[in-house]
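So the sequences go chain by chain: A and B. For the first sequence, the residue numbers in my numbering are 7 to 252. For the second sequence, the residue numbers in my numbering are -15 to 339.
If you are wondering where the hints come from, they were derived from the structure by calculation, not from laboratory data. Watch out, some of these pointers could steer you wrong.
Straight line, CA to CA, 20 Å or less: simulated DMTMM-like cross-link-like pairs of lysine to aspartate or glutamate [what the hints assert, rightly or not]: (1) A:LYS225 <-> B:GLU67; (2) B:LYS277 <-> A:GLU32; (3) B:LYS46 <-> B:GLU321; (4) B:LYS250 <-> A:GLU221; (5) A:LYS230 <-> B:GLU321; (6) B:LYS277 <-> A:GLU149; (7) A:LYS222 <-> B:ASP218; (8) B:LYS8 <-> B:ASP28; (9) A:LYS155 <-> B:ASP(-1); (10) A:LYS155 <-> B:ASP316; (11) B:LYS20 <-> A:ASP184; (12) B:LYS36 <-> B:ASP(-1); (13) B:LYS36 <-> B:ASP149.
Here are some chain B residues pointing at chain A (derived, C-beta under 7 Å) [claimed, not checked]: (14) GLN9; (15) PRO16; (16) LYS17; (17) LEU42; (18) ASN194; (19) LEU224; (20) CYS261; (21) LEU263; (22) ALA267; (23) PRO294; (24) PHE298; (25) ALA299; (26) ASN324; (27) LEU327.
Every value quoted in this text rests on a predicted model; they were computed, and no experiment measured them. Beta carbons are placed, not taken as given, at the ideal position from N, Cα and C, and that holds for glycine.
Here are the chains, one letter per residue:
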Amino acid sequence: MKKPKVAFFDFACCEGCQLQVANMGETVLDVLGLIEVVEWREVMSEKWGKKVDVAIVEGSITDLHAVERIKKIRKRAGAVIAYGSCATIGGVNGMKNNFPLEDIKHYVYGDSHRFFPTEQTKAVHQVVPVDYFVHGCPVYIPEFVAVLKAALQGIPYYPPDYPVCVECKLNENVCMYDRGVSCLGPVTRAGCNSWCINNGNICYGCRGMVSNPNEKGAKDVIAKYKIPMELVLNKMNMYNKCRELD
Amino acid sequence: MEDTHYVVLKKENFDQFISTLAQKQKLVAPVPKGFKSFAFEPVDSAGQVALKYIPTVLPLKKYFMPQRETLLEYRAGKVMKAEAVVEYEPLTIFGAHTCDLAGIQCLNMVFSERPKDYNYLTRKNKITLIGLECNEYCDAYASCNLVDASFPGGGYDLFFTDLGDDFVVHVNTRAGDEIVASTRSFDKTEPFQLDELRKLRDAKRKIFVNEVPIETKHIPELFDRSFRARAWKDLEARCLACGNCTNVCPTCYCFDIRDELDLTLKNGIRYRVWDSCQLEPFAKVAGGFNFRKERSVRQRHRYYRKFRYPMERFARYFCTGCGRCTRTCMADINLKETLNELLKESEDRVWKRWL
């Protein structure tokens, strides 16, 4: 059987999620045994430019060039995997949407801004249809491997639709709220095995929110722990601003 | 073994006892984690063990039905091959409170039902359980007396009661007998020690009273009257559906089973992980319909699974009064409060009928 052709593409992002593939350790050998990588700007100079079975797309869509490019990629790809928070939920690039576009242009490009047309930040699925989502900043490698396997078998992958608290409890961490620290775990979609909290950090909400969050209940909890609402909203908007465009 | 068989462990021999036990096989005990939290973790000396502790973050079920456990290894392809897997290791648990012992008794009943769960039962047979008495309440969240779990009711190999200078230890099984014989740390009881034990229990009977004003035997009736109570609706706006209450519950045993292929896409495993009725996808079926879409309905289901349904099936409550669900709930959903509200509502209704 011929190996499926896989290509990596990047848009507005830090390309750190692609770097995570290099962080896989020995698993990377098994992954490469399964697929043929035909295009990947970060690690190889060859260009393929033809049909691929799976396109792995990192980064969010922030200007018209990117819109055209992602549409072309969609056309020549069997399956599209949105890879990393920037691609799946807009991620930190979404903070751009907190300001009027005109201000942004002037702030970044000064007098030359007319040479750099820009748009509101969008997640990949807000521009073209996406088949698989690998959330996270950066992606959690075991989940990426699970998604890749699902894509190659042609079966769906459902990211968990429950909060990070579930995995955090299974790991028997002391709750951040008991430590007096605010944490976005209760409203953030699981699937990362509570990676950050296991290592003493809080949850920043990088995987996006659960599908049916109890916003009123969450506000009550925030009030109970005497956390300023503004602080929490700022934390939410760090990764989740593009949610408004869904 | 005598009918009532007690021995004594002097406090000065406690460290020797713990280290000898730890050398025999893996030993776990409650360990402080800071921020008023405790967890059962491996120990090898008495200094690590918390003798006074409030219920651990996770109950003992994590050793009896691990968070993730492989059930089957298979080879896909033209010729299918599958082999059942049972993962277990010999283990001693020291310091289980009566609420957690009751939790294991519940799980034993569930997994012994036909079809028997051999993964659970095999593992259980490799676990030695040493209990530790609560001389007073751990905190205000506990409701162990309401469900008859504040005094030892079996389900252990040895049971320790701390009497200050020494522990009086009840030997309940042959495995317990073997520990007493092989660790060589124990002495015979003196009559005054058994006297002290009796006095402690008498004192406990005064401290431990039903935490909710209802007789234990009347709880199922209360639930029969309460299916449409307003109290459930109130939970709708509060519950975050984080599943903490069920994950920390010593008797919640729901699990999900999944298949996973390795990267050859030929060999795979079937494994099970903890699941929770409080989570959004739990009752979602093909086509997207959700049988328990509302959080209040899911919460109600949880309470009925503790106080009503198991009464019918196993003739015992599946709440052990440990208070973990209340302690862990960020939204302050409080088991005792909920029961009190149900009581109040049902009394209101009874009064109205009379007037």
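Check your understanding: For this structure, which hints from the list above don't hold up?
Key -> 1, 2, 3, 4, 6, 9, 10, 14, 15, 18, 20, 22, 23, 24, 25, 26, 27
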